[in-house]
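Listed in order, the protein sequences are those of chains A and B. Position in the first sequence counted from 1, then plus 18, gives you our numbering. Position in the second sequence counted from 1, then plus 96, gives you our numbering.
Hints were generated in silico from the structure; no laboratory data involved. Possibly wrong hints are sitting among the right ones.
Capping the alpha-carbon separation at 16 Å, the derived lysine to aspartate or glutamate pairs in EDC-like fashion look like this [unchecked claim]:
1. B/Lys137 to A/Glu27
2. B/Lys137 to A/Glu23
3. B/Lys137 to A/Asp57
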Amino acid sequence: SQKIEQNSEALNIQEGKTATLTCNYTNYSPAYLQWYRQDPGRGPVFLLLIRENEKEKRKERLKVTFDTTLKQSLFHITASQPADSATYLCAPGNYGQNFVFGPGTRLSVLP
Amino acid sequence: GAVVSQHPSWVICKSGTSVKIECRSLDFQATTMFWYRQFPKQSLMLMATSNEGSKATYEQGVEKDKFLINHASLTLSTLTVTSAHPEDSSFYICSARDLAGSGNEQYFGPGTRLTVT
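Produce the complete structure using the sequences and hints provided.
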């Protein structure tokens, strides 16, 4: 069965550094991969979607890569700020099918 | 744009009673809405897919007679937890797919915290 893993349950980094979160999947060939942010007690907020034919996508301080050979997506936040502290969820999916969320990585950016 | 609301945001009920949670897409139409459940420190688990005008599709292991879903219009889906028990206490989140959208994005509601005593 398909499996989605995110590098660590929790990640602490210093303010101003680049945070890198990893999403790996097995037994799965997604056509796209999404990243969401979830704050405690809130629903997820969509951040970025990258398609299988795209190597990289950027949005302001966010950058996502998608390597279908490695079955991996990397999510980078540059110049991180304490306000970036949240849980980040990856969600690989295929069109016409429901996508599945990874377990999430809880990021803490320390001032 | 693309706002999804949920009501109530939190609810406490007694064991054995039923609770209804509403999910509305405020500024777009959604033929498909999704209901998720999230336990503390865990990820979202899809419970069911709600299709406007037809029966919901439930994920394996989700009791359809316990979690009643109604999608009566293009902007409203409801989840009713019937005969609630303490183990049903969880964070319930809905999402909606924009009918006019080009991608597979889902817009999530703020969630409803259910506590069954």
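Going down the list of hints, with the structure as the test:
For the hint pairing B/Lys137 with A/Glu27, the CA-to-CA distance comes to about 9 Å; that is within 16 Å, so the pair holds. Taking the CA atoms of B/Lys137 and A/Glu23, the gap is about 15 Å. The hint holds against a cut of 16 Å. Between the alpha carbons of B/Lys137 and A/Asp57 the distance comes to roughly 12 Å, so the proposed pair stays at or under 16 Å and holds.
This entry satisfies every hint, going by the numbered hints stated previously.
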